[in-house]
Amino acid sequence: MKKFLNHVDHMLTESLSGFAAAHHDLVELQLEPTFIARKHKAQNKVALISGGGSGHEPLHAGYVGKGMLDAACPGQVFTSPTPDQMLAAAEAVHAGQGVLFIVKNYAGDVMNFEMAAEMLPFAHATVLTADDCAVVNSTYTTGRRGVAGTVIVEKCVGSLAESGADLASCKALGDKINQRTSSIGVALTSCTVPAAGRPTFDISDSEIEMGVGIHGEPGRRREPIRDADAIIADMVAAIVHDFAAKQLPTQGNILLLVNGLGATPLMELYLIYNTAAKLLTAQGFQITRSLVGNYTTAIDMAGASLTVCLLDDEIQQHWDSPVHTVGLRWGC
Amino acid sequence: MKKFLNHVDHMLTESLSGFAAAHHDLVELQLEPTFIARKHKAQNKVALISGGGSGHEPLHAGYVGKGMLDAACPGQVFTSPTPDQMLAAAEAVHAGQGVLFIVKNYAGDVMNFEMAAEMLPFAHATVLTADDCAVVNSTYTTGRRGVAGTVIVEKCVGSLAESGADLASCKALGDKINQRTSSIGVALTSCTVPAAGRPTFDISDSEIEMGVGIHGEPGRRREPIRDADAIIADMVAAIVHDFAAKQLPTQGNILLLVNGLGATPLMELYLIYNTAAKLLTAQGFQITRSLVGNYTTAIDMAGASLTVCLLDDEIQQHWDSPVHTVGLRWGC
Amino acid sequence: MINSEQLTHYVFAVRTAILANEADIECLDRDIGDGDHYINMKRGCEAIAGLGETLTKLPLVDALNSIGMKLLSTIGGASGPLFASFFIGMSKTLKVNAPDSAMHIAAAFDAGVQAIMQRGKAQAGEKTMLDVLIPVAEQFNSLAAQGKSTQEIAVILKQVASEGLESTRSMLATKGRASGLGERVIGHLDAGAKSCQVMIHAVCDQVLNDPSNQPSP
Amino acid sequence: MINSEQLTHYVFAVRTAILANEADIECLDRDIGDGDHYINMKRGCEAIAGLGETLTKLPLVDALNSIGMKLLSTIGGASGPLFASFFIGMSKTLKVNAPDSAMHIAAAFDAGVQAIMQRGKAQAGEKTMLDVLIPVAEQFNSLAAQGKSTQEIAVILKQVASEGLESTRSMLATKGRASGLGERVIGHLDAGAKSCQVMIHAVCDQVLNDPSNQPSP
Ligand SMILES: Nc1ncnc2c1ncn2[C@@H]1O[C@H](COP(=O)(O)OP(=O)(O)O)[C@@H](O)[C@H]1O
Ligand SMILES: Nc1ncnc2c1ncn2[C@@H]1O[C@H](COP(=O)(O)OP(=O)(O)O)[C@@H](O)[C@H]1O
Ligand SMILES: [Mg+2]
Ligand SMILES: [Mg+2]
Ligand SMILES: [Mg+2]
Ligand SMILES: [Mg+2]
Chain A
26 MKKFLNHVDH
36 MLTESLSGFA
46 AAHHDLVELQ
56 LEPTFIARKH
66 KAQNKVALIS
76 GGGSGHEPLH
86 AGYVGKGMLD
96 AACPGQVFTS
106 PTPDQMLAAA
116 EAVHAGQGVL
126 FIVKNYAGDV
136 MNFEMAAEML
146 PFAHATVLTA
156 DDCAVVNSTY
166 TTGRRGVAGT
176 VIVEKCVGSL
186 AESGADLASC
196 KALGDKINQR
206 TSSIGVALTS
216 CTVPAAGRPT
226 FDISDSEIEM
236 GVGIHGEPGR
246 RREPIRDADA
256 IIADMVAAIV
266 HDFAAKQLPT
276 QGNILLLVNG
286 LGATPLMELY
296 LIYNTAAKLL
306 TAQGFQITRS
316 LVGNYTTAID
326 MAGASLTVCL
336 LDDEIQQHWD
346 SPVHTVGLRW
356 GC
Chain B
26 MKKFLNHVDH
36 MLTESLSGFA
46 AAHHDLVELQ
56 LEPTFIARKH
66 KAQNKVALIS
76 GGGSGHEPLH
86 AGYVGKGMLD
96 AACPGQVFTS
106 PTPDQMLAAA
116 EAVHAGQGVL
126 FIVKNYAGDV
136 MNFEMAAEML
146 PFAHATVLTA
156 DDCAVVNSTY
166 TTGRRGVAGT
176 VIVEKCVGSL
186 AESGADLASC
196 KALGDKINQR
206 TSSIGVALTS
216 CTVPAAGRPT
226 FDISDSEIEM
236 GVGIHGEPGR
246 RREPIRDADA
256 IIADMVAAIV
266 HDFAAKQLPT
276 QGNILLLVNG
286 LGATPLMELY
296 LIYNTAAKLL
306 TAQGFQITRS
316 LVGNYTTAID
326 MAGASLTVCL
336 LDDEIQQHWD
346 SPVHTVGLRW
356 GC
Chain C
59 MINSEQLTHY
69 VFAVRTAILA
79 NEADIECLDR
89 DIGDGDHYIN
99 MKRGCEAIAG
109 LGETLTKLPL
119 VDALNSIGMK
129 LLSTIGGASG
139 PLFASFFIGM
149 SKTLKVNAPD
159 SAMHIAAAFD
169 AGVQAIMQRG
179 KAQAGEKTML
189 DVLIPVAEQF
199 NSLAAQGKST
209 QEIAVILKQV
219 ASEGLESTRS
229 MLATKGRASG
239 LGERVIGHLD
249 AGAKSCQVMI
259 HAVCDQVLND
269 PSNQPSP
Chain D
59 MINSEQLTHY
69 VFAVRTAILA
79 NEADIECLDR
89 DIGDGDHYIN
99 MKRGCEAIAG
109 LGETLTKLPL
119 VDALNSIGMK
129 LLSTIGGASG
139 PLFASFFIGM
149 SKTLKVNAPD
159 SAMHIAAAFD
169 AGVQAIMQRG
179 KAQAGEKTML
189 DVLIPVAEQF
199 NSLAAQGKST
209 QEIAVILKQV
219 ASEGLESTRS
229 MLATKGRASG
239 LGERVIGHLD
249 AGAKSCQVMI
259 HAVCDQVLND
269 PSNQPSP
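Protein chains in written order, with this note's numbering: chain A, 26 to 357; chain B, 26 to 357; chain C, 59 to 275; chain D, 59 to 275.
No lab work stands behind these hints, which were simulated from the structure alone.
Treat the hints loosely; a few may be bogus.
Beta-carbon label-pair distances, calculated as ranges [said to hold, decoys possible]:
1. B:S231 - A:S188: 40 to 46 Å
2. C:E104 - A:G356: 42 to 48 Å
3. A:G356 - D:R227: 56 to 62 Å
4. A:A255 - C:Q217: 50 to 56 Å
5. A:G356 - D:G183: 23 to 29 Å
6. A:A255 - D:E80: 39 to 45 Å
7. A:A255 - D:N199: 53 to 59 Å
Here are a few chain B residues that face chain D, going by a calculated C-beta distance under 8 Å [said to hold, decoys possible]:
8. Q55
9. P58
10. V102
11. F103
12. S105
13. P106
14. P108
15. A132
16. G133
17. M140
18. T225
19. E242
20. P243
21. E248
22. R251
23. C357
Listed below are the simulated DSS-like cross-link pairs for lysine-lysine, each with C-alpha atoms no more than 30 Å apart in a straight line [to be verified]:
24. D:K115 - D:K179
25. B:K91 - A:K64
26. D:K150 - B:K201
No residue lacks a Cβ here, since even glycine has one placed at the ideal position from N, Cα and C.
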């Protein structure tokens, strides 16, 4: 393992301290328990709090700020944060209109946020994101994982909350976006969890993992590497299939997010975008919004995910509204 | 080599096409010869054109837009673009006030831009960036390389040009910033040039390359890997030493840029920022502006560079002014 | 039957055992999970060991509750809330029935396991820690009801824990992170089940070595 | 002495030789450069080969100029403008002196090398392609002045090119990308020098095999 680090036990705190120092105009770091909150507490709006294991940067701390989250609770690397973090964050950012938790659907995140919610002295609701269509949704599994689509939920619900909407409306928009969003990821290499000190999985130079999440879990299947176009065609097909399974139209305006998992150069992400956009357009979609870059990562994994969100006027309006965070900024 | 690609000969065009498609509101791609220009041609201002080998994304195409470049000429991977590209770009974006080339100081870039300049039918000037202090500047070498500090030059000169300043003033600001900026890079791994198909250099798990540029050239020396703090202390010392050698004060307001070389997770970049900021503050600097992320990359290299720019009111004002490009956006 | 001082001994024995099984535990969560289970367990064990003296001085129910709350704010991930629920559940039950017989302790253990099932919405056969914990709880109840000696109980529960662990090998995962992997999990043991087997062995060994538990000659 | 048809033969011979030396050339630029020199040379060779017929039909000076302009817009990097300058420089000189003697060709070659020196602001001894080209140009001039046969000249220039290449091994680099590496370049050959040696050998071998150049028996 080669990383810039001093001691593995201090890595997270040192990194969060650097984050808070570099962006002291935007955010504030609290330790013990750990959370990142907006520098200037928002008034009289639903407080949006997310969190999850670290290693997905800029998710979630990078999305704290005007028009998006009020606070983020970073756990250890790939490990859900703990309820005391969420309670302290809620205490700090609650602004009289209740708390909305945005939680990626993993057993650990769900249970920790659930226990926090049970102890929370404020009105609250939770949006569970579950956009990963690599995991077959059935009563036999804990359900689909939340991956890069979470960024879209955080952005749009953030915008709605900023406009003064109530808790129920915020939850409803989050649930709607989640329902209209599908993602799928592919890995060329494993990531290395600092505490583990070696790659989570071994993979040869001629193989890829199709259908990976964002924690270095193995994907649905291992397969030989092929031309990018062939890989992307499979990914697009999986998303289109998922749209059909969810009874969503496979045409209309979409947001296409090509997300790097950490170690993939922009040059490759744009090549992926090029092919995916052509295939989705041929399918009948209109790509009216795009995002390309590292928005939901898996530490240092080489790989990428595609996310398609079926837009409507409401979602598109909230996507376009001003946002000022470390990870997303426009309109101000 | 594992990359998302179809055929190595088409990679660049496919990637540029994806870039142009994803950002069609901002930029336009021309092929044969290849350049990226602003979607909406700027009027009555000095035209800013940069370019260089590909593989450094988002540099330079990602910095085309309002408040920054008018056009960028991407060469093959790590290979300077050719004069015909620069001439065509100049033809397309010249707006009556002359052309300023912003060129990173490499033999190839210098000579190709020089030949373009010799053929250019417009008033023109060139700013050569040479911020890499790993290369000892002496009459015996071609001089220092231009690396991540180039982003600061492009941002600030872009702002000045947008304000209507003339060619000489734009060149003067670029030269001034270059003079007040020092960078140094370190690599944990090599990058892989797609056409070569394998890593440019071999390096063991216990070594780093100190003083690398952005092309996978070996650095000044290979050394054992140490704690991040120890590595960063050496990098900060090199920059402080360079400031002294340039007769710049080693105190005052600075912009600190922690730049990822492509495969380094944000978590590590912020850890680096944390240590570098402390050391520079202890040295007497005041960090009044910061930038952390992948801004000038070396394809898929794991590594990072530090850039320190000594601010003055003029530079800071132009750094803060609105910019709307793919790679940098604020204030609009 | 058990007091806070003994509990503290168990805590240290568990920590030693988890640390000794680093390679196995880590490997299992890397194979079909995300590789953090060992470090999560270690962080939890260190935190509880850090309570040390404090635990010894508390009444048993409070000590158990403290362990649960500490784990809740320390481990995170899936295993954090589950192990926390276990200790909080045990504590609640012992508040009603003082731990003055093996049956009471077995009942408390069972309540802890129920709390895990509730929190995780899981049952036996889903390739989780419950495949160790449920059979152990059942056997514990029944052995205690049969009036078996502490020694006998400890020997049998070790055996049951190991069988439970082994049973996860052939299972499909339907809960937790491994549930995304389909058929690929078959042939692998579950990491959380391994931790539970290791911890149960550590406590049982402690019981077997405790002179106060030796059958009178 | 040389016409556009022969030039076209040389072009193809050069391409074949560059492709045959892929591993060596690529490796050298990877060791102390940025690894693109082979692919740059290949791209240039393919582009010129692509001109094919067109070249044959042009007067020699125009053919040389076309090669230069094509290389300029195809290769990029450091080697692009340098090789372009070489051909454009040669063309300019031959416009003045028609290529009707070995001396005129040697003078044109020399002018090409001068153009490279001017464009690159470099001299002999800086660990670049010039360490092959300058001695070759000098020897070419002097052998032609001595009235040596085409055959003799070709044999000797091959030797000089190889020696020039070898001479770069012990040099420090003071121009080009390798100049950033200090002492670390010692022991490595320069990639551009290698390409020049390969190209000069290819042209000389072509000369040696051309029946019209055979000494009458
Ligand atoms: N719903 C559940 N019920 C019971 N045990 C579970 C459940 N989900 C996960 N587990 C257990 O937790 C273990 C994983 O814990 P850990 O690696 O610490 O957390 P995470 O899965 O969040 O990375 C699994 O091996 C499994 O035994
Ligand atoms: N100033 C110069 N004068 C002469 N030759 C040079 C000069 N700079 C570089 N070279 C030659 O160019 C070669 C490198 O070419 P290439 O790899 O194609 O371009 P780049 O260095 O831009 O990657 C070097 O090996 C060297 O021989
Ligand atoms: Mg985890
Ligand atoms: Mg190059
Ligand atoms: Mg785990
Ligand atoms: Mg090169």
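Checked hints:
1. At about 54 Å, the beta-carbon gap between S231 (chain B) and S188 (chain A) misses the expected band of 40 to 46 Å.
2. One distance hint, 42 to 48 Å for the beta-carbon pair E104 (chain C) and G356 (chain A), holds here, with the actual separation near 46 Å.
3. The hinted window of 56 to 62 Å between G356 (chain A) and R227 (chain D) holds, with their beta carbons roughly 59 Å apart.
4. Checking the proposed 50 to 56 Å range against A255 (chain A) and Q217 (chain C) shows it holds: the Cβ atoms sit about 52 Å from each other.
5. G356 (chain A) and G183 (chain D) have their C-beta atoms about 58 Å apart, which leaves the hinted 23 to 29 Å range violated.
6. Between A255 (chain A) and E80 (chain D), the C-beta spacing of about 28 Å breaks the proposed range 39 to 45 Å.
7. About 57 Å separates the C-beta atoms of A255 (chain A) and N199 (chain D), a value consistent with the hinted range of 53 to 59 Å.
8. The interface hint given for Q55 (chain B) is violated, since its Cβ lies 14 Å from the closest Cβ of chain D, which is over the 8 Å cut-off.
9. Interface restraint check: P58 (chain B) against chain D, minimum CB-CB distance 7 Å, threshold 8 Å, status holds.
10. For V102 (chain B), the shortest C-beta to C-beta distance to chain D is roughly 7 Å, which falls under 8 Å, so the interface hint holds.
11. Look at F103 (chain B): its Cβ gets to within about 5 Å of chain D, closer than 8 Å, so that hint holds up.
12. For S105 (chain B), the interface hint holds, since its Cβ comes within 8 Å of a Cβ in chain D; the closest pair sits about 5 Å apart.
13. Of the supplied interface hints, the one on P106 (chain B) holds, with its beta-carbon coming within about 6 Å of a beta-carbon of chain D, less than 8 Å.
14. Taking 8 Å as the C-beta contact cut-off toward chain D, the hint placing P108 (chain B) at the interface holds, the least distance being around 6 Å.
15. Against a cut-off of 8 Å between C-beta atoms, the interface hint on A132 (chain B) holds, since the closest Cβ of chain D lies about 4 Å away.
16. Taken as an interface hint, G133 (chain B) checks out: its beta carbon lies about 4 Å from the nearest beta carbon of chain D, inside 8 Å.
17. Evaluation of the M140 (chain B) hint against chain D yields a held restraint, the C-beta minimum of about 5 Å falling below 8 Å.
18. Annotation: T225 (chain B) was flagged as interfacial toward chain D, and the flag holds, the nearest CB pair being 5 Å apart, inside 8 Å.
19. Annotation: interface hint on E242 (chain B) holds; nearest CB of chain D at approximately 5 Å, less than 8 Å.
20. The beta carbon of P243 (chain B) is positioned within 8 Å of a beta carbon in chain D (closest approach about 6 Å), and the interface hint is therefore held.
21. Interface restraint check for E248 (chain B): the shortest CB-CB distance to chain D comes to about 13 Å, outside 8 Å, so the restraint is violated.
22. Given hint, R251 (chain B) at the interface with chain D, is violated; its Cβ is 20 Å from that chain's nearest Cβ, farther than 8 Å.
23. The restraint placing C357 (chain B) at the interface with chain D is violated, with a minimum CB-CB distance near 34 Å, outside the 8 Å limit.
24. About 35 Å separates the Cα atoms of K115 (chain D) and K179 (chain D), which puts this hinted pair outside 30 Å; it is violated.
25. Restraint check for K91 (chain B) and K64 (chain A): the C-alpha separation of about 29 Å stays at or below 30 Å, so the hint holds.
26. Using a Cα cut-off of 30 Å, the hinted pair K150 (chain D) and K201 (chain B) is violated, with the two alpha carbons roughly 40 Å apart.
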